[in-house]
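Put chains B, C, D, E, F, G, H, I and J with the ligands on the given structure of chain A with help from the hints.
There are 10 protein chains.
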Amino acid sequence: MLVRLMYASRALATVSQDDLNAILRKSKSKNPPNGVTGVLCFSDGLFLQVLEGGRSAVSALYNRIAADPRHTDVILLSFEEIGERRFPHWSMGQVNVTRLNPALLLKYSETAELNPYAVSGRVSMALVEELLATAAIVGPA
Amino acid sequence: MLVRLMYASRALATVSQDDLNAILRKSKSKNPPNGVTGVLCFSDGLFLQVLEGGRSAVSALYNRIAADPRHTDVILLSFEEIGERRFPHWSMGQVNVTRLNPALLLKYSETAELNPYAVSGRVSMALVEELLATAAIVGPA
Amino acid sequence: MLVRLMYASRALATVSQDDLNAILRKSKSKNPPNGVTGVLCFSDGLFLQVLEGGRSAVSALYNRIAADPRHTDVILLSFEEIGERRFPHWSMGQVNVTRLNPALLLKYSETAELNPYAVSGRVSMALVEELLATAAIVGPA
Amino acid sequence: MLVRLMYASRALATVSQDDLNAILRKSKSKNPPNGVTGVLCFSDGLFLQVLEGGRSAVSALYNRIAADPRHTDVILLSFEEIGERRFPHWSMGQVNVTRLNPALLLKYSETAELNPYAVSGRVSMALVEELLATAAIVGPA
Amino acid sequence: MLVRLMYASRALATVSQDDLNAILRKSKSKNPPNGVTGVLCFSDGLFLQVLEGGRSAVSALYNRIAADPRHTDVILLSFEEIGERRFPHWSMGQVNVTRLNPALLLKYSETAELNPYAVSGRVSMALVEELLATAAIVGPA
Amino acid sequence: MLVRLMYASRALATVSQDDLNAILRKSKSKNPPNGVTGVLCFSDGLFLQVLEGGRSAVSALYNRIAADPRHTDVILLSFEEIGERRFPHWSMGQVNVTRLNPALLLKYSETAELNPYAVSGRVSMALVEELLATAAIVGPA
Amino acid sequence: MLVRLMYASRALATVSQDDLNAILRKSKSKNPPNGVTGVLCFSDGLFLQVLEGGRSAVSALYNRIAADPRHTDVILLSFEEIGERRFPHWSMGQVNVTRLNPALLLKYSETAELNPYAVSGRVSMALVEELLATAAIVGPA
Amino acid sequence: MLVRLMYASRALATVSQDDLNAILRKSKSKNPPNGVTGVLCFSDGLFLQVLEGGRSAVSALYNRIAADPRHTDVILLSFEEIGERRFPHWSMGQVNVTRLNPALLLKYSETAELNPYAVSGRVSMALVEELLATAAIVGPA
Amino acid sequence: MLVRLMYASRALATVSQDDLNAILRKSKSKNPPNGVTGVLCFSDGLFLQVLEGGRSAVSALYNRIAADPRHTDVILLSFEEIGERRFPHWSMGQVNVTRLNPALLLKYSETAELNPYAVSGRVSMALVEELLATAAIVGPA
Amino acid sequence: MLVRLMYASRALATVSQDDLNAILRKSKSKNPPNGVTGVLCFSDGLFLQVLEGGRSAVSALYNRIAADPRHTDVILLSFEEIGERRFPHWSMGQVNVTRLNPALLLKYSETAELNPYAVSGRVSMALVEELLATAAIVGPA
Ligand SMILES: Cc1cc2nc3c(=O)[nH]c(=O)nc-3n(C[C@H](O)[C@H](O)[C@H](O)COP(=O)(O)O)c2cc1C
Ligand SMILES: Cc1cc2nc3c(=O)[nH]c(=O)nc-3n(C[C@H](O)[C@H](O)[C@H](O)COP(=O)(O)O)c2cc1C
Ligand SMILES: Cc1cc2nc3c(=O)[nH]c(=O)nc-3n(C[C@H](O)[C@H](O)[C@H](O)COP(=O)(O)O)c2cc1C
Ligand SMILES: Cc1cc2nc3c(=O)[nH]c(=O)nc-3n(C[C@H](O)[C@H](O)[C@H](O)COP(=O)(O)O)c2cc1C
Ligand SMILES: Cc1cc2nc3c(=O)[nH]c(=O)nc-3n(C[C@H](O)[C@H](O)[C@H](O)COP(=O)(O)O)c2cc1C
Ligand SMILES: Cc1cc2nc3c(=O)[nH]c(=O)nc-3n(C[C@H](O)[C@H](O)[C@H](O)COP(=O)(O)O)c2cc1C
Ligand SMILES: Cc1cc2nc3c(=O)[nH]c(=O)nc-3n(C[C@H](O)[C@H](O)[C@H](O)COP(=O)(O)O)c2cc1C
Ligand SMILES: Cc1cc2nc3c(=O)[nH]c(=O)nc-3n(C[C@H](O)[C@H](O)[C@H](O)COP(=O)(O)O)c2cc1C
Ligand SMILES: Cc1cc2nc3c(=O)[nH]c(=O)nc-3n(C[C@H](O)[C@H](O)[C@H](O)COP(=O)(O)O)c2cc1C
Ligand SMILES: Cc1cc2nc3c(=O)[nH]c(=O)nc-3n(C[C@H](O)[C@H](O)[C@H](O)COP(=O)(O)O)c2cc1C
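Chains as they are written, first to last, in the working numbering: chain A, 27 to 167; chain B, 27 to 167; chain C, 27 to 167; chain D, 27 to 167; chain E, 27 to 167; chain F, 27 to 167; chain G, 27 to 167; chain H, 27 to 167; chain I, 27 to 167; chain J, 27 to 167.
Excised from the complex, chain A in its bound form (with noise of 0.2 Å):
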């Protein structure tokens, strides 16, 4: 059973690139063997990841991701069983969004700010897409 799940979170203040880097190396070196694909994005202090894989993969990795210390008020955005993945390629992408487009943040949110808590899940994974689409994958420094 392939499902796709979706959480935003609030890094805390003392998250710094090091602590990014830290984190997409062990994606990189934990997702593989459990099948999970998917991307993490970070901006203006805000994490939202998507992940894919199998039910039970994904479901023990988001409860011990909602356990970490280094961000907070976890919100699951949205969970679904899906036919096929839509980042099979990705053990973990990063999109780099140190600078959003106001008006692409504008097209969905009342004001030019990553806010995906108050928005609909339906909502953050279209910005997600259209992210995608326009930003560029990186890897860890």
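In case anyone wonders, no lab produced these hints; they're calculated from the structure.
Treat the numbers as computed from the prediction; the structure is a model and nothing was measured.
Using N, Cα and C, we set each Cβ at its ideal position, and we do this for glycine too.
There's no promise every hint is true.
Among chain C residues calculated to face chain B with C-beta under 8 Å, some are [as the list claims (entries may be wrong)]:
| # | residue |
| --- | --- |
| 1 | LEU28 |
| 2 | GLY80 |
| 3 | ALA83 |
| 4 | ALA92 |
| 5 | GLY109 |
| 6 | GLU110 |
| 7 | PRO114 |
| 8 | THR160 |
Across the chosen pairs, the derived CB separations fall in these ranges [said to hold, decoys possible]:
| # | chain 1 | residue 1 | chain 2 | residue 2 | range |
| --- | --- | --- | --- | --- | --- |
| 9 | A | GLN43 | E | ALA144 | 34 to 44 Å |
| 10 | E | GLY71 | A | ARG96 | 41 to 51 Å |
| 11 | E | GLN43 | F | LYS52 | 58 to 68 Å |
| 12 | E | ASP45 | A | ALA129 | 27 to 37 Å |
| 13 | E | ASP45 | A | ARG96 | 49 to 59 Å |
| 14 | I | ALA129 | E | PRO128 | 36 to 46 Å |
| 15 | B | ALA159 | J | ALA159 | 54 to 64 Å |
| 16 | E | ASP45 | A | PRO95 | 52 to 62 Å |
| 17 | A | ARG148 | D | ARG36 | 26 to 36 Å |
Same frame as chain A, now just chains B, C, D, E, F, G, H, I and J with the ligands:
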């Protein structure tokens, strides 16, 4: 909650190009901080404005505009909750419609005059969209 | 309220090209002030006319035409409220159909003759549309 | 080809109950041989009539009625090809609507007045159907 | 053109039962001549009002109400062109909601409080409809 | 934003009826203030719980439950944004399923055992609904 | 491959009740061995027959009937592959239609006469179904 | 009323190319005056013919063909009322199918043989359409 | 993964009531441990069996049955993944069909004989369902 | 009646390339006379085969293959009646899948391994179609 609102109104006979410019300047300074975007059409003494943004921001702005003494017969044409904006790029675009194409008006109306008071909001929206596709968006003088 | 009306009728045997031209001239002077547009086909002694415009204007014009002694057997083929016109550009276009393509007629009819009296209004409308796509719109001599 | 046609018109101020009865008697004698059935509503000086039958018969009758000097502003409200009639039983039923229920009128109109000129044909048809379900069909005096 | 509009607002803290009665008396005298009907709910210092009628009449009334100093935070919840009214019988019904059923509120909201500002207009409309089905419509004292 | 979440988990072998009662008491005291409602099924050492409420409240509670050491293999079964709740009445109902009907289990599973780990979330939801329709909701001892 | 076929024809002027009985007796003896079932209506000198069965059996029977000199103008009205029969019980039911209800005929036709030649096969089928629901199925004298 | 009819039959063993040519010549002289168009395929001793035209004309012609002694096992494959013809251009086209592509036959059949008796009419129609798209329409020698 | 499979086969001429009873006893002892349920019909020397259960269990059982020398011409009629079973109650119900109702058979077949080899699997399933609704489920003697 | 059947199985450990070639040679000689076409994939010790053809031929062949001692765990994945084949050209194509693309496998599976036993038949069919679009069809050595 994003919404899109459209209304029409009749400008007081005394409204000049300077007044129009003042309205646009005001919109361009006040709309962005409230996350409001949209388009304002002026032709034949009629205003047709589309406002997009958060529901509270759009409602508050509409209520303020409806009380503005520079126009009268302010009539709601449409209001809907939306998943994404059509005009995320413009704090307030202005459609320059000094001379409208009669065939375009006839396409949606009984006579070759702009008359949002006589047609469904859906029709006025279709007209605005054709205008946007054919006319130039201009800024204040 | 915009409507589209189509009717057919049989011209009196005595109708000449001059009569036709008189009808077209009359249409071109009287339809625009009433916001009426449309197309008139003449072939084999049959008229097929599409009228678009405000409901009152189209009804009044149709009632006047139905009483015109130059034709008879005036039969309504279709009447519908529409969101937009198909012929906003013509006060009254004339389709020149002195020789119709038999295969085109056969496509919609039992025999290779124009016979709107024998088919559904929907079929006559389809025929008019194919005529418009293939034949030239001409003006009065 | 069966069709259903509905129109509205304004009775001349001078139309009396006797005139009405004459119209109904005429309908009851002339409609059956032509296979025409239907309903005639009269209220507040307005006629609203539904005619069902063969397309030629209904067109011919409508054209004759439209030219009748006892009424004016004859406006087509709807016309459609149908699979079956709604009024196969009445050569011409008469709806007795001297006093209409205001809530019924308000349900479909802006004010509590019968005004088929201001609403879509679909709405007038819905009103006629509610009238038929609640008011009595009566014959001429 | 019939429309239905719903809005919510917060009553000023000073609004008394007498003020409410004054509003209802005013509505009952001014709405009928304008063909406006509807329902007004008051609970926990919040107004929720549905207005039905001609588009111009409803717009004008809403604009006037939005400027009324007895309430604030007037927010549009829904506005749509309709084929028929739901409240043709009431110049302005009043829903007596001194104590709302918590399960009913929970059914549509995150917490057991009436909060139209936090939910979609569609949800508030569903709530009003359940209220109407279960609570009594009462008149002013 | 209302959501409904369902998960399954395996109770540690040591979980007693007292532990169950403690969980239910905790739920009944902590869920109402957070606007959370739902149902908890326990059978054959498996938990199946449905949580309804605001998205933040449900996410926070689920994250806390997932970390609870009294159970393991916590697996998400479904998560969706909803227009209205199914369980607005229960702070946390308990389904008494000491002996499940084998035909009911077979209806949705390969064998007559409760195994949410082997079936689609949609199937587990259907099973819960049938249980609710047939079994009694009971409170803690 | 099961099919249902309907045709109409005109009986020769000379067809008597005895001839009818002969046809029915023939049908009742020959149809069952071929797995053919159906209904035969006779009224006003017109036959309307529905045949159901295997495609080869129905085709062969229709071809034989079409060549029968007791009727003429044999016209196919409908033919379709079906999942199940409507008349599995009758080797050949006979609808007794000496006097048809005029309103029933008018419901589907331009005039109060049975005229399958003038209407769509779908309409004749609807008429047969109403006949079956209201008239008695009878056997030969 | 336009219809399209398709049937299949087995040519008597004695049918020669001359017989075929005679049939085509006859069709080309008799079909146009009756408004009948269509296509005739001959292959492996089987005829497959599509006839389009007025319902009476097609029925009469089919009845005549069904009685023609040059073929046998005449079986109806499909018959439907249509809005427009597919073959308005050919009085009777002939598809030259001396050697059919086995993959084309297999695509729709159990074996690589033309066998309209074993498949649904819809399948034979699909086969004819593929033949028309790939094979040449030829005339009589 | 739940599936439903239906097949038909011809019993060897030598199959007796004792053989049948042996098959049913075997089914009732071997199916429950594998989570297989279903129905077996026997009539006119034909078997028609529906098997429901996990995909592996049903496949393995079907493969074993297909190789059973007591019947031949084993033909698959339908196989689908299902959300829920229709026969969760029976390890293997037996439909007693010594004398089938001819009208029931005719309803779905060309002749009044049970012939699953000649019809679509959908049709056989419909027949089984009607049998179940009308005939008694019996156990072995 | 055309059908398409797909199954999976595990090759015995001892199956060599020669055995594979023998199976393909056998298929290529025996399938055409029975009108069977299809595709055979072999990878990682698993067979995945699609068979298309007449229902009896495909059933008989599947039953024979299921009893073949060269493989085990033969499991049905899908079976459906079809209007047309997808593989009319190949008596039995062979997909060369010595090294599968991991992303392609991940797209449809929990892990990067071919495992038709763990997924829906619809998913395996999608995988086969992607394989066919990207891998080469090869013949036996
Ligand atoms: C925002 C965020 C995203 C993460 N994504 C992943 C991930 O995709 N895969 C992963 O294994 N760990 C991820 N982690 C790290 C886990 O929370 C956890 O630290 C890690 O799985 C523990 O691995 P370990 O057991 O090897 O120490 C993420 C952490 C954070 C804060
Ligand atoms: C047709 C029309 C359109 C207007 N559009 C806007 C607008 O988009 N944004 C805005 O802030 N004010 C708009 N205004 C002006 C407002 O009515 C009001 O004057 C202004 O918001 C007051 O701003 P202030 O509070 O800064 O004086 C518009 C006025 C008119 C007559
Ligand atoms: C086939 C036919 C089509 C006509 N079409 C139009 C038309 O589109 N517009 C129009 O004004 N008159 C049309 N007429 C003429 C009217 O019947 C009528 O003569 C005319 O409107 C009277 O104009 P008047 O009042 O200026 O004399 C048509 C007449 C015929 C016979
Ligand atoms: C509102 C109205 C409705 C009418 N309805 C009918 C009708 O249904 N049938 C009819 O024959 N005449 C009807 N008439 C009368 C026709 O206009 C016309 O006078 C009549 O058909 C002429 O009949 P005659 O040719 O026998 O004089 C109606 C007239 C009016 C004003
Ligand atoms: C919550 C609320 C609802 C109201 N509803 C109505 C109404 O339905 N109709 C109405 O005429 N006035 C209504 N009013 C009052 C109007 O705001 C305004 O005071 C009134 O229309 C002015 O009438 P006047 O011009 O006769 O003084 C409402 C006011 C409030 C605060
Ligand atoms: C199967 C299961 C279901 C639970 N359900 C709830 C619940 O609905 N609400 C709740 O507050 N705690 C629930 N809990 C308990 C929480 O995991 C946690 O112990 C509790 O919320 C902590 O509350 P405290 O912070 O007051 O100690 C559940 C625990 C388990 C094992
Ligand atoms: C209107 C009509 C309906 C008929 N229906 C049937 C029928 O349902 N079954 C049938 O066998 N013959 C029917 N017949 C008779 C056939 O045309 C034909 O005479 C008969 O099948 C020949 O049978 P025979 O070969 O036993 O003489 C019908 C004839 C007519 C005129
Ligand atoms: C397979 C086949 C197809 C035929 N197609 C036609 C046709 O399309 N048109 C036609 O008039 N005759 C066609 N015929 C011939 C008719 O059966 C019949 O012989 C002819 O219409 C008689 O014409 P006649 O009355 O002029 O002798 C066809 C015959 C066969 C065997
Ligand atoms: C028509 C038919 C239906 C059968 N149905 C079942 C069945 O539902 N379950 C079953 O276990 N065996 C069934 N069998 C018997 C099997 O073919 C086989 O004999 C049996 O499973 C072998 O069991 P054993 O391994 O215990 O000897 C059926 C046999 C026939 C001929
Ligand atoms: C995986 C697999 C696929 C097979 N596919 C076919 C096939 O498509 N056609 C076929 O005739 N035999 C196929 N066979 C072989 C049959 O199982 C069986 O050996 C063969 O049909 C017997 O043929 P024979 O009766 O000529 O010996 C396949 C065998 C295996 C193991």
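- Item | Hint check, C/LEU28 versus chain B [nearest Cβ-Cβ separation less than 8 Å] | Result: holds, 6 Å to nearest chain B Cβ.
- Task: Verify the interface restraint on C/ALA83: the C-beta must sit less than 8 Å from at least one C-beta of chain B.
- Result: 7 Å, holds
- Status of the C/THR160 interface restraint (C-beta, 8 Å, chain B): 22 Å, violated
- Query: So the hint says 26 to 36 Å: do the beta-carbon atoms of A/ARG148 and D/ARG36 match that?
  - Reply: Between A/ARG148 and D/ARG36, where Cβ atoms are some 53 Å apart, the hint is violated.
- Message: The hint says 34 to 44 Å between A/GLN43 and E/ALA144; measuring C-beta to C-beta, is that right?
- Response: 37 Å Cβ-Cβ, so the 34 to 44 Å window holds.
- Go through the hint on C/GLU110 and say holds or violated, using the shortest Cβ distance to chain B against 8 Å. 5 Å, holds
- Task: May I ask you to test the hint 58 to 68 Å on the CB atoms belonging to E/GLN43 and F/LYS52?
- Result: 42 Å, violated
- Query: Between I/ALA129 and E/PRO128, does the C-beta distance stay in 36 to 46 Å?
  - Reply: Roughly 58 Å apart at Cβ, these two residues miss the hinted range, so it is violated.
- Query: How about C/GLY80: closest beta carbon in chain B under 8 Å, or not?
  - Reply: Holds: closest Cβ of chain B sits about 3 Å from C/GLY80, inside 8 Å.
- Taking the beta carbons of B/ALA159 and J/ALA159, is their distance inside 54 to 64 Å? 38 Å, violated
- Distance restraint hint 49 to 59 Å, applied to the beta-carbon atoms of E/ASP45 and A/ARG96: 54 Å, holds
- Task: With chain B as the partner, please determine if C/ALA92 meets the hint condition of a C-beta pair closer than 8 Å.
- Result: Status violated, d = 21 Å.
Violated hints for the displayed structure, listed by number in ascending order: 4, 8, 11, 12, 14, 15, 17.
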